[in-house]
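**Q** Listed below, chain by chain, are the residues.
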Amino acid sequence: MKKFIIVLSIFPIFLFLWGGLRPKEVGGSDGTVGVEVCKGCHEDRYNTYAISTHSKKGIPNSPANKDGCETCHGPGAAHVEKSGERGVGIFIFGKKIADAKSKSAKCLSCHGETKDLSFWDMSKHKVSDVSCDNCHTVHSGTRKNLKATQPDLCNICHRSIRAQQNKTSHHPIREGKLKCTACHDHHGGFGPKMIKANSTNDLCYQCHAEKRGPYMWEHPAVEENCLNCHTAHGSNHAKLLISRMPQVCRNCHDVSRHPSTIYTRFETFQGSSPSNRMFGRSCMNCHSNIHGSNGPSLRGKTLVR
Amino acid sequence: MKAKVFILLLISSLISFLNASAEEKTISGDVTVTGQHLNINGEKAKFNEYRDIRDGFTGDAEFQYEKDKYYIDLKGTDVGRKTQNYELSGGKWGSFKYDFSYDQLPHNFTYGAKTFYTGVGGANLTYPTHPPSTDISTWNTFDYSLERRNYTGGFKFDLLKPFYFDVSISKETKKGIYPIGTAGTSPGGIAIELPAPIDFVTDNIKIGAGYVKNPLSLSLSYSYSKFESDNGNLNFRNPATTDTAATTDTFVLPKDNSYYQLDFKGALKLPLNSKFNVDLASSRAKADAHLFDSYVAAVTAGTSNIGTQGRTGITLSDNVFNGKVDTQSYNFVLTSNPFYFLDGKAFYKDYKKDNKSDKITTTDTTALPATFANDLFGYQKEKYGVGLGFRLPASVYLSGGYTHGKIKRDREDIPKNDDDIINIDLRWSGLDFMVAKVGYERLQRKAEFEEPTVTSASDSANIERFIRRFDVAARDQDKYKASIDFFPIENLTFSLGYRHKNTDYKDTILGLHKAKSDEFNIDADYLIGKRVRLFGYFDYEYAKLDQFQRQLPSPTTLYDPASPPTPTAFNWTVTETDKNYAYGVGTDIYILPNKFTLKLQYSYWKSDGSADYTYLLGSNPLPSGRTQDNIDISTLDNYKTTYYLAKVIYNVTNYLSLAAGYAYEKYVFDDAQYNGYNYVPTSSTGSTLGYLTGAYSNPSYRANVVFFSAAYKF
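Top line first, the protein sequences correspond to chains Z and F.
Residues in the first sequence are numbered consecutively from 238, following the numbering used here.
Residues in the second sequence are numbered consecutively from 4, following the numbering used here.
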């Protein structure tokens, strides 16, 4: 805590020293022609703009309160003078025309000063040349101007995650009850894998608070990282486990008596030597308090109570 | 009570909605009514694991109202179902926003589970006469199912821009019955599956304030979470004992806990198109547990009756466990883009978990050793590194980075790791119709192994000399990835992706030796002449794990895996393999564009798992009846899901849309560890091995759903 307070105290001094070094901003609206002129040729695009959040006059600083279409696409006079020649004097949000950085810069000129985008520069999306218009459309009436709903939108690029979501053991993502953005900060953050917490466990405990403890008898692998045993997006094995019991437990446990014993097809229900260490839920038939226990005695220690 | 508050909020919002002047206001929305008919054979719980598809009607509705700078949005989905969701949001643009929501989520595990216990759903399970009946037709039937209800509210105030203030609260309840397993006697003994009552409440509040204006962004937030469980213990009559008491044993359920976090975040723009980002967080988790509120309270300390009454007398250095874990996190990240062709990043992260809980010493004369205490686990993870990205000629982007991680943990076997990670990625977008990417990452983990203290050659701690637990073990890990995205013509996209991961736990003697996986993904989407859309995907994954283990009798001195094998002390291996593939195809046929659409879809998901065992017995024979081939498991979590959908949509007018359809879903589960499920399994000698309840035993189902819907927009 002391270390935390010291660091917290140093930061404002750092800010003071760097104050005033604000980068030069670019902008200007000379050469604009007005929304009606744009509408004259691009009525279909205008109609989609008209139903979008960007057209709302009630929103301070919205394009509707600035230069309309030209707020994002730039002044149109040169474009009109060239008889509307494609790409002349106008900024187009096409994937083959403008690079990701330029497109995002357009959006950030208005949205950059919001808390949600404060850490965009750290985002893996930015480094990967994902621009705002990959996910958002400037012209639409959808929620947050998104091009599709989650998880379909995210799965367009994250195809291996889509494959995991389809597995038998999964979070309710494909059912639409858990959004990718419930766990991930798509605009950038400090957590690993852009998660909305400083550690995996801190994130998981937000929904699974009963596993938070602290417990008297802990399971170190569990306390350090839920992902030591579980996978987040989907698994062929129950409870989102990385492999089947008893194998998953045996990645760590091999001591005398039953943890070291080989359990095979012969120890299943249909085998000739059924064992309650193997059939059904295997280790979990007895060791249910796998996330920690406050059970006194050796039984608490071995997580069977 | 919460539901009433929510309804009052809705009513008050609607009153303001009705009182609004007719001028300058915009009202829009939609209402959808859906009727469903379900025909299902098999496990309804798995079919509706997170859903509530059943006979009857449901609906969705949304109302949006705007007037000048004010707006209200009221939305409801799956009305009347166990998945229903309601959201109310509104505010004044540029000044404030508020939102309230109510969400339900079921998690169904197994319907029609069986137990000889009475009192299911409560915290006291008993049965009238010992031993319990093994005639499962006389057992009680119940469902394993949980239901979450989440109530949230939030307020965001940003009138005083660039300053802002946010507050959000939520309450989540989780109720139902969940399967737990416990040992009748310990060590060894029968397995008893118990229906545990779940009645959890978690309250959360988060308050935050900040400032955002270039070049500076600052925020400070405080969050608090309180978890409460109505049932601290599950008391049950233990069928492994002959005790005649109604309840003779206790399974300890999660205890109440609390958590708070103070978090400061900041970002400052610097010269050379750079930015310095910082996150400093401090948190504390607490939980207190009265250790003698369970079955042991009734037993005289020091009395040894384990194995006959299933409980034991013990003494503790403190009867109350005070759990306290403090966490501190520091993140510093500098990003820079000084030139168009150069991106840079440098970071330092430190995450420390300090366990300040009570250390409780237990004296149990039946245990070996008789005195033992809980270990307090804490750790510190430090990470720093740099990353650089170069925009090269010919539309090539080359990036790479180096990260060094240090982990120190309060743990006896491997208290320290050093990680070195390098990565390199190449992206080429030189053609208008294609983007190609390749990437490579290598992790080298060093592990500082500490030899255990052993008292004799037969001390079971000897085995620790050979075990390297995989989560902390030394490893070399290589990851490769490649992808190509084609969009050769307008309205056609085609993507290919491949990932490979190979992990070699190079110092491991006993434990996980190797893990390997390969993934392929193919996607295509083509819109032909604005009349037909075709789409499809194919996913394939292959994963393999290799373990090396040693079976030992007790007591023994033959811990060393290099020892010559004996019939009871020998090495063995297992290779677990998972093959998973899924594909889907579909089409949207716009028979009358914007008027009449036909949708067809087919998906198939399949998993094949297996476990290949090998006894390393040398010249010693395998146990009777066993060969190296007949011991293997060929059906490990195998399943197949088949899904068909046919749907027609007819837009009667711009405001009214009708839809009807049919869906078929079949799920077949085949697993050697569940096949031949027995509620009261017995050993080869006829002794009872457990009392099970059927949890997860047969999730297969086949379902047909017919549905229709009418949607009206206004």
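Quick caveat, the hints were computed from the structure, so don't treat them as lab data.
All values reported here derive from a predicted model rather than from experimental measurement.
Worth double-checking, as some hints may not be accurate.
[What the hints assert, rightly or not] 20 Å max Cα-Cα, derived DMTMM-like pairs, lysine to aspartate or glutamate:
(1) Z:K384 / F:D353
(2) Z:K414 / F:E65
(3) Z:K538 / F:E415
(4) Z:K430 / F:D353
(5) Z:K416 / F:D353
[Claimed, not checked] Here are the simulated distance ranges between beta carbons:
(6) Z:P429 / F:I427: 28 to 38 Å
(7) F:N633 / Z:T379: 50 to 60 Å
(8) F:F158 / Z:C278: 40 to 50 Å
(9) F:P596 / Z:D353: 34 to 44 Å
(10) F:Y73 / Z:P429: 22 to 32 Å
[What the hints assert, rightly or not] In silico negatives: residues of chain F with every beta carbon more than 10 Å from chain Z:
(11) V328
(12) E385
(13) A565
Ideal Cβ positions, reconstructed from N, Cα and C, are used throughout, including at glycine.
**Q** Next pair to validate is K384 (chain Z) with D353 (chain F); report whether the Cα-Cα distance is within 20 Å.
**A** Answer violated: K384 (chain Z) to D353 (chain F) is near 37 Å, above 20 Å.
**Q** Against the 20 Å threshold, does the CA-CA distance of K538 (chain Z) and E415 (chain F) hold or violate the hint?
**A** 16 Å, holds
**Q** Range hint 34 to 44 Å: satisfied by the CB atoms of P596 (chain F) and D353 (chain Z)?
**A** Given range 34 to 44 Å: holds, Cβ gap about 37 Å.
**Q** Could you see if the CB distance from F158 (chain F) to C278 (chain Z) stays within 40 to 50 Å?
**A** Hint holds: Cβ distance 44 Å, inside 40 to 50 Å.
**Q** Check the non-interface label on A565 (chain F): least C-beta distance to chain Z beyond 10 Å or not.
**A** 15 Å, holds
**Q** At the C-beta level, are Y73 (chain F) and P429 (chain Z) separated by a distance inside 22 to 32 Å?
**A** 40 Å, violated
**Q** E385 (chain F) clear of chain Z by more than 10 Å, beta carbon to beta carbon?
**A** Holds: least Cβ distance 13 Å, greater than 10 Å.
**Q** Is K414 (chain Z) within 20 Å of E65 (chain F), Cα to Cα?
**A** Roughly 18 Å between the alpha carbons, so the hint for K414 (chain Z) and E65 (chain F) holds.
**Q** Evaluate the condition: distance from the CB of V328 (chain F) to the nearest CB of chain Z exceeds 10 Å.
**A** Violated, because the least Cβ-Cβ distance between V328 (chain F) and chain Z comes to about 5 Å, which does not exceed 10 Å.
**Q** Has the given pair, K430 (chain Z) with D353 (chain F), been kept, meaning a C-alpha gap of at most 20 Å?
**A** Given pair K430 (chain Z), D353 (chain F) holds - Cα atoms ~16 Å apart, limit 20 Å.
**Q** Going straight from one Cα to the other, do K416 (chain Z) and D353 (chain F) come out at no more than 20 Å?
**A** Not satisfied, since the Cα-Cα distance of roughly 29 Å exceeds 20 Å.
**Q** Holds or violated: the 28 to 38 Å window for the beta-carbon distance between P429 (chain Z) and I427 (chain F)?
**A** 20 Å, violated
Checked against the numbered hints given earlier, the structure breaks hints 1, 5, 6, 10, 11 and satisfies all the rest.
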